[in-house]
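From just these sequences and the hints, can you work out the full model?
Now for the letters of each chain:
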Amino acid sequence: MWLPLLGLIFGVMLGVLTDIQIPSVYENYLSIAVLAALDTMFGGIRAQLQQVYDDKVFISGFFFNILLAAGLAFLGVHIGVDLYLAAIFAFGVRLFQNIAVIRRILLTKLDNRRLKKSENS
Amino acid sequence: MNNNQRTKKPSPFTRKYMIILTVCIITGFIIGFSYNSSKDKRTLSSASPYYEQENQYREELIVQQERNKELTDELAELEKKIRGYEKEYSSNEVQYERNIKEAQQLRLLLGIGSGEGKGIKVTLQDADYNPASTNPNDYIVHESHIFKVLNELKIAGAEAIAINGQRLKMNSYISCNGPVITVDGKQYPAPFVIEAVGKQDILLSALELTGGVFDQLLNEHVVVTFEKSELIQMQSINEEG
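Going down the list, the protein sequences come from chains A and B. The first sequence maps to residues 1 to 121 in our numbering. The second sequence maps to residues 1001 to 1241 in our numbering.
Some hints here could point you the wrong way.
Distance condition first, Cα-Cα at most 20 angstroms in a straight line; then the derived DMTMM-like pairs of lysine to aspartate or glutamate [as the list claims (entries may be wrong)]:
1) A:K109 / A:E119
2) B:K1039 / A:E27
3) B:K1016 / A:D19
4) B:K1039 / A:D55
Read the hints as simulated data drawn from the structure, not as lab findings.
This is how it looks when you write it as structure tokens:
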């Protein structure tokens, strides 16, 4: 389980160290991309914990979510409606849901372990 | 869940782990990138009370910088021009000096500058009264005699010529007016002293050619005397009244 964490840290370092300046016009896209990526990641973790994890769903969800969000933002910028809010809303809600599920699963697991320990002792 | 993990640990480079790794790297990259790009923005907005003022100053600064840039461009252009001139000058320096010398020479010939130097002095004098001759024209100095001397002197390279102290210009005129000659409107009687600045030897030898000016003058009963002079001074035509 350490490999993804190392990858995350590596990615953050890479992003911080790269010195590319993007125009402020595209910062909306970036924020949505961040949200989509986070959402997909937590979704993956949740799936793993719920043991319904699937490679294809995970990887396709990751890229498709990012592309969809960016496309929505693009459309919104061009027709003058803040459509990216929809993406942010959807992703935000899903993010919170996913995190809540993960928390519950972890809590139940912790409880189970404690029960086991008490039974063993 | 725990068991599940333990079974997977021996081979961490399965397809699933690689995919997770890729996704994590991309996510991290996006996060880091956005953090990085919003950093300067955050520092900017942290001074929000003075934001307007700062903005104003910044605009002023930009205007000044643009002006600076304009001026710098102008300066560069002018320097380039100067450099061009300098280059031209340095390449033409030899020619430039030559031009100055030539200008001096021309000025001397024109009589604008005062002439001074070694030279010769030729004196033309009427012959003594000859009772045998009835025509006084036979023994007085005519303008043609003076012309001969002047032309010979000029051809021989005289730099400045004066008659009886009257400097000759390029467009001076000499006319015969009975017993006197008129140089640029001023009348001079005999004897006529022609002064010439130049190389003495050359001038004299030019005048003394066999069958040359002196011989012709002597044939026409003109008394010619000449002397070398170490220092002949001539005023420029501007100094004359």
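Could you tell me which of the hints above the structure violates, numbers in ascending order? The structure breaks hints 3, 4; every other hint is satisfied.
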